[in-house]
Amino acid sequence: MAKRILAVDDSKTMRDMVSFTLKKAGFDVAEAEDGKAALNVLTSGKFDLIITDLNMPNMDGISLIKNVRAGSQHRAVPILILTTESDGTKKADGKAAGATGWLVKPFNPEQLIATVNRVCP
Amino acid sequence: MSVTSDSEAYPIAQFRKTYFEECAELLDALQSNLELLAGGDEEDETLHAIFRSVHSIKGGAGAFGCTDLVAFSHIFESLLDALREHKVPATRDVKQLLLRASDALADIVNAARLEQPLPGNFAAEIRAAMQDSLQGSVDAPVAVAAQSTPESDVAGGEHTYRIVFRPHTEMLRKANEPLLLIRELCKLGVLTTEVDSAALPALEAIDPEAAYLSWTFTLETVASLNAIQDVFEFVEDDCDLKIEQLDIAPEPAETAGSDPAGAVPTATGPAPAQSIRVDVDKVDRLVNLVGELVISQAMLTEQGLSLPADQYPTLIQGIEALAQSARELQESVMAIRAQPVKSVFARMPRIVRELAATLGKEVRIVTSGEMTEIDKTVIEQLNDPLTHMIRNALDHGIEPPAERLADGKPRQGTILLSAAQRSGRIVIEVSDDGRGINREKVLAKAQARGLVPAGASPSDEDIDNLIFLPAFSTADVISNISGRGVGMDVVKRNVQALGGRISVRSKFGQGSSFSLSLPLTLAVVDGMVVSVGDETFIIPLVAIVENLRPQAADIHPIVGRGDVLALRGEYLPLVYLHRAFAIGGAIADPCRGIVIIVQSESAGRVGIVVDELLGQQQVVVKSLEANYEPVDGISGATILGNGRVALILDVGRLHEIDIRGTDSRLPLPETSRIEPAEDMTHAA
Numbered sequence: 043m044a045k046r047i048l049a050v051d052d053s054k055t056m057r058d059m060v061s062f063t064l065k066k067a068g069f070d071v072a073e074a075e076d077g078k079a080a081l082n083v084l085t086s087g088k089f090d091l092i093i094t095d096l097n098m099p100n101m102d103g104i105s106l107i108k109n110v111r112a113g114s115q116h117r118a119v120p121i122l123i124l125t126t127e128s129d130g131t132k133k134a135d136g137k138a139a140g141a142t143g144w145l146v147k148p149f150n151p152e153q154l155i156a157t158v159n160r161v162c163p
Numbered sequence: 021m022s023v024t025s026d027s028e029a030y031p032i033a034q035f036r037k038t039y040f041e042e043c044a045e046l047l048d049a050l051q052s053n054l055e056l057l058a059g060g061d062e063e064d065e066t067l068h069a070i071f072r073s074v075h076s077i078k079g080g081a082g083a084f085g086c087t088d089l090v091a092f093s094h095i096f097e098s099l100l101d102a103l104r105e106h107k108v109p110a111t112r113d114v115k116q117l118l119l120r121a122s123d124a125l126a127d128i129v130n131a132a133r134l135e136q137p138l139p140g141n142f143a144a145e146i147r148a149a150m151q152d153s154l155q156g157s158v159d160a161p162v163a164v165a166a167q168s169t170p171e172s173d174v175a176g177g178e179h180t181y182r183i184v185f186r187p188h189t190e191m192l193r194k195a196n197e198p199l200l201l202i203r204e205l206c207k208l209g210v211l212t213t214e215v216d217s218a219a220l221p222a223l224e225a226i227d228p229e230a231a232y233l234s235w236t237f238t239l240e241t242v243a244s245l246n247a248i249q250d251v252f253e254f255v256e257d258d259c260d261l262k263i264e265q266l267d268i269a270p271e272p273a274e275t276a277g278s279d280p281a282g283a284v285p286t287a288t289g290p291a292p293a294q295s296i297r298v299d300v301d302k303v304d305r306l307v308n309l310v311g312e313l314v315i316s317q318a319m320l321t322e323q324g325l326s327l328p329a330d331q332y333p334t335l336i337q338g339i340e341a342l343a344q345s346a347r348e349l350q351e352s353v354m355a356i357r358a359q360p361v362k363s364v365f366a367r368m369p370r371i372v373r374e375l376a377a378t379l380g381k382e383v384r385i386v387t388s389g390e391m392t393e394i395d396k397t398v399i400e401q402l403n404d405p406l407t408h409m410i411r412n413a414l415d416h417g418i419e420p421p422a423e424r425l426a427d428g429k430p431r432q433g434t435i436l437l438s439a440a441q442r443s444g445r446i447v448i449e450v451s452d453d454g455r456g457i458n459r460e461k462v463l464a465k466a467q468a469r470g471l472v473p474a475g476a477s478p479s480d481e482d483i484d485n486l487i488f489l490p491a492f493s494t495a496d497v498i499s500n501i502s503g504r505g506v507g508m509d510v511v512k513r514n515v516q517a518l519g520g521r522i523s524v525r526s527k528f529g530q531g532s533s534f535s536l537s538l539p540l541t542l543a544v545v546d547g548m549v550v551s552v553g554d555e556t557f558i559i560p561l562v563a564i565v566e567n568l569r570p571q572a573a574d575i576h577p578i579v580g581r582g583d584v585l586a587l588r589g590e591y592l593p594l595v596y597l598h599r600a601f602a603i604g605g606a607i608a609d610p611c612r613g614i615v616i617i618v619q620s621e622s623a624g625r626v627g628i629v630v631d632e633l634l635g636q637q638q639v640v641v642k643s644l645e646a647n648y649e650p651v652d653g654i655s656g657a658t659i660l661g662n663g664r665v666a667l668i669l670d671v672g673r674l675h676e677i678d679i680r681g682t683d684s685r686l687p688l689p690e691t692s693r694i695e696p697a698e699d700m701t702h703a704a
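Heads up: the sequence lines are chains A and B, in that order.
Under my numbering, the very last position in the first sequence is 163; numbers go up by exactly one each time.
Under my numbering, the very last position in the second sequence is 704; numbers go up by exactly one each time.
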């Protein structure tokens with residue numbers, strides 16, 4: 043069965059691009075536009091990976107990660123954060139909150155797939 | 021994501037389009053939040069929202085290779101980041117700078133969208149000012165983001181490394197899987213693995229989430245130390261790691277402990293309005309279908325009226341319920357197309373700022389009612405008239421600071437921009453506290469142009485309305501700012517094209533207020549239903565001035581021009597609908613029918629001769645272009661309750677048709693009019 047990935051980003055452009063690439067690579071992709079929406083989607087079933095942006099309205103990526111790690115169903119699911127090179131402390135903040143790894147924007151489809159494969163068993 | 025050559029079928033153009041659509045929304049949000057900030061709202065959530073807008077614009081820009089945009093938004097973002105972290109104080113200067121930066125960002129986004137290069141020094145001054153503000157902050161500015169070029173992954177020849185790797189429990193909690201790391205190492209070369217399970221407790225004592233194992237790897241590889249370190253990139257803070265090269269003098273390369281930084285405060289605002297994006301075409305189709313449904317319902321209702329209610333009580337009830345549902349459905353569907361005027365209002369502060377700076381005036385704009393909703397098509401066409409009215413208020417209304425102080429007014433002028441819904445229409449007002457309309461000057465100018473007879477003494481209201489006359493403003497604009505070859509007459513025409521009305525109230529020395537009244541939608545028109553012979557026409561109510569039945573003495577024929585109607589000293593051309601559209605059996609004598617006086621910008625006042633008035637009605641507009649072909653003098657069609665098609669008159673064009681009709685008719689006897697058409701039929 044195809045692995046299920048949840049892509050969380052407030053930018054539709056980013057969601058479209060991530061979704062397209064992952065679907066083409068054979069993943070099953072769901073989308074959410076902020077942390078709150080993501081938590082809702084997560085209750086709908088089992089996911090194998092979460093990819094999330096950090097800066098989002100309503101609930102940002104860091105809070106999402108903390109919530110997921112504090113929950114039960116997806117606490118052991120790998121979480122990739124999307125950051126930019128200039129975000130500086132963001133990688134550390136994400137890791138401290140419980141992120142598995144990160145992906146630096148802008149990234150190309152190959153980098154996305156490679157990073158997903160690095161953390162998704 | 022940047023595009024790579026082998027990503028065939030990657031619909032980058034589509035993503036790009038989405039991105040720029042998103043940019044427009046982000047820029048609008050940025051603008052409104054910056055206005056809030058400028059107005060004194062320094063809430064964290066506002067600052068975060070401002071940051072996010074720029075951050076998102078930058079994020080996408082990188083993916084589409086918009087380097088100018090990345091560079092500019094990077095500095096902008098750094099400043100905003102420092103601001104939200106309170107490392108840079110939100111002074112008045114900084115807020116002004118942010119507003120200017122937002123304007124520049126909008127220009128750069130636009131240039132990127134159109135793929136137009138910008139001059140290298142574009143907004144250089146703003147960039148420099150932002151850098152300066154950042155210099156004063158606790159953190160030095162970060163250099164402009166450049167894709168870090170990784171060092172060579174190949175280290176020249178094969179080497180052997182020993183890697184000691186002891187995961188912390190924390191690493192497993194973050195879902196980093198040692199097995200995956202080992203697989204990655206395997207890809208780099210020949211890997212020998214030795215596991216140390218000494219720390220593993222007895223089965224019953226095992227915490228399934230704790231880390232007990234550690235590994236020592238020996239890796240023979242041509243890959244560089246960097247490449248090996250990269251494998252552990254995600255986990256270096258959550259493990260003990262030691263990598264050493266065995267075939268050179270040992271040098272401890274990398275150790276890492278854990279260094280969890282402080283967590284970012286959570287931002288939980290009010291719940292968002294859930295929304296989806298829908299193609300406008302789909303909505304339009306829905307609007308059309310609902311239009312059809314309403315028409316069918318009206319037909320049913322009319323049929324239902326002729327039934328005896330005591331014999332078909334449930335049928336009549338059903339028809340009534342249907343009417344109710346259809347009306348609610350129509351309102352709901354119209355509401356889908358409705359958008360807040362915010363998107364148009366949000367552009368105005370920039371115009372005010374730029375123009376005020378050019379004119380050396382101090383002006384603030386206060387907006388209210390931004391969330392008032394109006395049909396999307398109306399919104400799209402609202403920008404130009406509104407812009408012009410704002411420019412006009414700034415240029416002609418608000419006085420220079422010195423003059424204002426001398427008049428005992430505050431130094432800074434105020435423009436109020438408001439929107440509100442009133443009785444099925446939306447009213448937009450642009451008011452200023454400037455000098456108001458100088459009626460003496462306006463009257464003098466109008467007299468000089470022959471727009472008002474010398475010696476006439478028009479009312480204040482009439483004088484104010486002179487500024488909407490085409491000849492008044494276009495020929496000689498008082499300044500070149502609000503002029504630009506466009507006058508208030510164009511504003512009026514644009515507004516009327518939207519089915520709207522414009523009016524002005526002014527008090528000399530105290531300011532002017534322009535009021536736009538617009539229909540909520542263009543898909544429904546308030547019309548006067550009139551009959552001509554067997555035909556029914558709709559005349560848009562907004563165009564109608566009055567209805568009357570003239571005396572024979574008031575009708576005067578003018579050779580080659582048709583008849584005119586003398587009305588209170590004015591001569592209005594008469595349009596005979598039955599002639600214009602060749603309808604038989606109509607009342608030819610205006611004294612026995614009705615003359616409807618309509619006003620349009622292009623034709624002025626015209627009298628339309630019809631048989632009788634059937635009543636007022638809201639009608640659903642059906643496009644003739646889409647369903648048939650464009651017809652002169654007709655703006656659309658509708659289907660009446662009795663199932664018949666009625667044409668909606670385009671009052672601005674009617675006059676020409678009737679004149680043409682009259683001209684071709686005049687030399688010919690009445691009966692010969694249809695002959696050309698018959699000839700053509702035979703020829704075909």
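Keep in mind that a hint or two might mislead.
Computed footprint of chain B on chain A; a stretch qualifies when at least three of its residues, placed anywhere within it, have a C-beta under 8 Å from a C-beta of chain B [stated by the list, open to error]:
#	stretch
1	47-58
2	82-89
3	97-107
4	132-143
Since the hints were derived computationally from the structure, they do not count as laboratory data.
A virtual CB, placed ideally from N, CA and C, is assigned to each residue, including glycine.
Coverage of the stretch 47-58 of chain A by chain B, judged on three or more residues with CB within 8 Å: holds (count 6)
Coverage criterion applied to the stretch 132-143 of chain A (partner chain B; beta-carbon cut 8 Å; 3 residues): It holds, with 9 qualifying residues against the three required.
Within 8 Å of chain B's CB atoms, at least three CB atoms from the stretch 97-107 of chain A: coverage verdict: holds (count 8)
8 Å C-beta test of the stretch 82-89 of chain A against chain B, three or more residues: violated (count 0)
Checked against the numbered hints given earlier, the structure breaks only hint 2 and satisfies all the rest.
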